[in-house]
Amino acid sequence: MTDLLVQVGADAGHIFALTQEITTIGRHSDNDIALNDATASRFHAQILCNDQTCRIRDLNSTHGTFVNNRRAEPELELTPNDLIRIGATEMRFRTGETTASAALHFAPAGEPYLDERSIAFSLPISERSRESLSKQHLQRLASVAESLQSVFDLDELLGALMDMLFDIFKPDRGVILLRDETTGDLIPRVKRPRQENQPISATILKKAIDGHIALLISDIAGDARFNAAESILAQSILAAICCPLVCRDKVLGVLYIDTKSHLLTYQKEDLTLLNIIAANAAIAIDDALLVQQKLEAERLAAAGLAVANISHYIKNLLTGMSGSTQLIERGLENQNLPVIQEAWPILKRANDRIAGLVRDMLTYSRKREPELEEGNLNDLLKEVYESQTSRAQLAHCALVLELAENLPNSFFDSKGLHDTLLNLVGNAIEACEPFPGSQITLRSGYNAQTDNLWVWITDTGPGIPENIRKRILDPFFSTKGSRGTGLGLAIARKTLEEHGGHLSVDSQEGQGATFKIRLPRTGKPGNAPA
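In my numbering, the protein residues as written are 23 to 552.
Some clues are possibly wrong.
To be verified - Okay, the calculated beta carbon distance ranges per label pair: (1) Arg491 / Arg77: 49 to 59 angstroms; (2) Glu178 / Ile490: 52 to 62 angstroms; (3) Val313 / Val30: 17 to 27 angstroms; (4) Val313 / Gln530: 28 to 38 angstroms; (5) Asn91 / Thr347: 19 to 29 angstroms; (6) His234 / Asp189: 54 to 64 angstroms; (7) Val313 / Gly345: 40 to 50 angstroms; (8) Ile376 / Asp189: 17 to 27 angstroms.
Said to hold, decoys possible - Listed next, the in silico SDA-like pairs over lysine to any residue satisfying Cα-Cα at most 20 angstroms (straight line): (9) Lys282 / Ser240; (10) Lys492 / Lys437; (11) Lys282 / Met184; (12) Lys290 / Ser526; (13) Lys538 / Pro456; (14) Lys228 / Leu349; (15) Lys437 / Pro484; (16) Lys192 / Leu176; (17) Lys272 / Ile235; (18) Lys370 / Ile336; (19) Lys538 / Pro484; (20) Lys290 / Lys437; (21) Lys437 / Glu395; (22) Lys492 / Ser526; (23) Lys290 / Lys370; (24) Lys370 / Glu395; (25) Lys282 / Leu260; (26) Lys272 / Lys192; (27) Lys316 / Thr204; (28) Lys538 / Pro458; (29) Lys316 / Glu112.
Simulated from the structure, these hints should not be mistaken for lab results. Glycine included, every Cβ here is placed at the ideal spot set by N, Cα and C.
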């Protein structure tokens, strides 16, 4: 049976069976799984299952679909015990394999407890002496330690760790289990082979965890006490190594490998090596968990700040709309057309701002592939220059165009890039308006070495204080009060990054500002320097 167990959200505790090839999820009642979650999109995601795999596909939802905090863009393959997040709802993906594997944290009743006759070697986790290791094992250990230090994404870290275990120890099976902080259960996070349903001895896991020891179990198939009726280990397994993952006296999980090969025999040196690897891995996993918690806290804090900023902005608009609505109602009652004519523009302006806010939020939240067309960046800059010259004159500013000659054609999304340039020039005019006589210059150029085009928008206005400059590209950060949503520059940066480009700001207070754009000529992501 394959199903989804809702662990967090209004539907917590519900189990939804996945019995169809395609299962739709969302807040609308027409979905196969209709969630009581206002933050989910009407039709948020699909789960597509066949005889071999299940995949989750995002349906261009507003807030995205996440699997183990990794965004489905547009889809990801699911593995047992994956945590799916849709809006404020978190669900555990479970299969028959999941159910069997998830109950590995205690010895099943009737299984004989291991004693010294079954354990070839054991090491306390504090025993990390490298003196007994061969030169080859020491080289492998150094490589593993170096690799683990540079990875902070938990799923990537566990996958890389399992790859290294298979490369070094050549087992038939391997599993990395991590302890669920809420339930205390050991949950398989990475398993090789992925479709392997053969169980693992809960007895071995319990002894390793309770005793904080690494175990080498040898010749299990030859042990008369472990027969099919008594032990889940009696399946021709000839050797197994089990090491707990412990950091700061806290058990994070377990590493387990085993083999059925008569040509491969694990020795005490292998146990020593895996014990040291487990110690290094535990530190790396703990660091990755801390990074994950920090990122989640920052995400929630950013979401809270965004909601507060949006609420404040909309509240100001609604206050103006409420006053205008009252005046219009009074004018209608008294048939006073002048009053209606006076109040209507205020109401319309507030309505347009709310519509603009919604449009900007959708633009910022959705990942978009730019529609690349061949063109010349100078032509786009000329259009912006011509459309903003009158506005600059009204603000008593000079708008100057300095375009590179023979600028090569490039590939870009004309509308997206036009909106970005218009936003940057418009911001410069607003900043310079209180300083008559300021100048705003639009420059273009091409770097043949990097195959990147560049645009600089420079003004001689008031400049940007350092504390503001550091945050000016962040979403929902605005210095315009009720006149701005704080999404304009964030959208501009997002648009350029979707092109594979980059936006940066150089400014000092009192010395003007320069917004610098870098774009790959080919329009392919990854070519623009950071």
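Hint numbers contradicted by this structure: 1, 2, 5, 6, 8, 10, 12, 13, 14, 15, 16, 20, 23, 24, 26 and 28
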